[in-house]
Amino acid sequence: MPGLDPFKLTQFVREKVTRIRNNVEELRYYRFRGGKWYGGIATGDVVGCNLRCKFCWSWRYSYFVDKGFFYKPISVFEKLISIAKQRNYKYIRLSGGEPTIAEKHLIELLDIFSESDLVFILETNGLLLGYNIDLTKKIVNYSNVVIRVSFKGTTPEEFENLTGARREFFDYQFKALENLLNEGLKPGKDFYPAVMLSFTPEDNFREFLKKLSNIHPVLASEIDIEYVILYPHVVELLRKNNLKPFIAYYPDNIPNSLI
Numbered sequence: 007m008p009g010l011d012p013f014k015l016t017q018f019v020r021e022k023v024t025r026i027r028n029n030v031e032e033l034r035y036y037r038f039r040g041g042k043w044y045g046g047i048a049t050g051d052v053v054g055c056n057l058r059c060k061f062c063w064s065w066r067y068s069y070f071v072d073k074g075f076f077y078k079p080i081s082v083f084e085k086l087i088s089i090a091k092q093r094n095y096k097y098i099r100l101s102g103g104e105p106t107i108a109e110k111h112l113i114e115l116l117d118i119f120s121e122s123d124l125v126f127i128l129e130t131n132g133l134l135l136g137y138n139i140d141l142t143k144k145i146v147n148y149s150n151v152v153i154r155v156s157f158k159g160t161t162p163e164e165f166e167n168l169t170g171a172r173r174e175f176f177d178y179q180f181k182a183l184e185n186l187l188n189e190g191l192k193p194g195k196d197f198y199p200a201v202m203l204s205f206t207p208e209d210n211f212r213e214f215l216k217k218l219s220n221i222h223p224v225l226a227s228e229i230d231i232e233y234v235i236l237y238p239h240v241v242e243l244l245r246k247n248n249l250k251p252f253i254a255y256y257p258d259n260i261p262n263s264l265i
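Quick note on the working numbering: the sequence shown kicks off at 7 and runs consecutively.
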C-alpha cells in the first residue's frame, strides 16, 4: 500500500476541521486545559493532523476528524488566557493535532495573542512550514511566538514507518528549519527542533544531529527529545501497529527533564 501524501491529507482534513463563519475561520477543538509541560502552559487541543503517527497519544482526534467543537480565534484566546491567568502561566500553545492546517485561524489567533504578554509556543511537525514559505513569512512576524518543529523519526525510513507518510516528505521538516533561519529567526531562541527517539537506533540519531548542524550548529545542541508515553490508548495503538519502542515511559514515571 503506498504511503500517504501529507499535503493532500492536509486538504482533506482542512475541509473537515475548519469552517468559515462571517469571514472568520473556525477550527475544531476537543478540549482546553492547563498542564505541567514547559513548567506550566495553557493548551488548546485541536482536531486533525496531516500525519498518521502510529504512536500518537491523540490519534482518536487526529485520525477521526469529525470530532470536537468549532471555535473562533477570539473564543480560543479567551479560554487560554483565562487558564493562564488563573494558574499564573506565561506560556500557551495549540497541541493534539497540527495547527498549521488552519492557516487563517492560526494567524488571526497569533495576531490576537501579540497584544498579550504571553509566549505562544507553536508546536508543529513543520511540513507546511517547509512547503509553504508564505505561511512561514506570516508566522515569523510575531515576536512572542516560539516555534517547536517536532520531527517524527530521524531518517526518511523511520519517518515513513512511524507516520504512514511517504519517506520523500521527511526533508520538508528540515526545510522548515531552513526557512525559519533564512527569515531571520534565531535558532535555539525563536525556534528549535524536537525529535521522537523511542524508535531510533543510536547511529541514526548521530546522523540526524549532523544534518541539523549543517543547517546551524545551535540546532543540534538545542534539541528537545521526545519519548513515547504509555497511556492505555497509546499502548493499544502500538500493539495494533506492531510497534515496539526502545525507550518509553508510563505517565507516572515521566522524567522531569522531559517536561
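Keep in mind the hints are simulated off the structure, nothing from the lab. C-beta atoms are modelled at their ideal positions from N, C-alpha and C, and glycine is treated no differently. Check each hint, because a few of them may be wrong.
Unchecked claim - Straight-line C-alpha distance at most 25 Å; calculated BS3-like pairs for lysine-lysine:
id, residue 1, residue 2
1, LYS85, LYS14
2, LYS195, LYS181
3, LYS42, LYS85
4, LYS22, LYS91
5, LYS143, LYS195
6, LYS42, LYS181
7, LYS246, LYS216
To be verified - Derived CB-CB ranges, DEER-like:
id, residue 1, residue 2, range
8, PRO238, LYS216, 20 to 30 Å
9, PHE18, GLY45, 28 to 38 Å
10, GLY9, TYR148, 29 to 39 Å
11, GLU163, ILE231, 11 to 21 Å
Here is how each hint holds up against the structure:
no.	hint	result
1	LYS85 to LYS14	31 Å, violated
2	LYS195 to LYS181	18 Å, holds
3	LYS42 to LYS85	17 Å, holds
4	LYS22 to LYS91	32 Å, violated
5	LYS143 to LYS195	17 Å, holds
6	LYS42 to LYS181	30 Å, violated
7	LYS246 to LYS216	33 Å, violated
8	PRO238 to LYS216: 20 to 30 Å	37 Å, violated
9	PHE18 to GLY45: 28 to 38 Å	36 Å, holds
10	GLY9 to TYR148: 29 to 39 Å	33 Å, holds
11	GLU163 to ILE231: 11 to 21 Å	20 Å, holds
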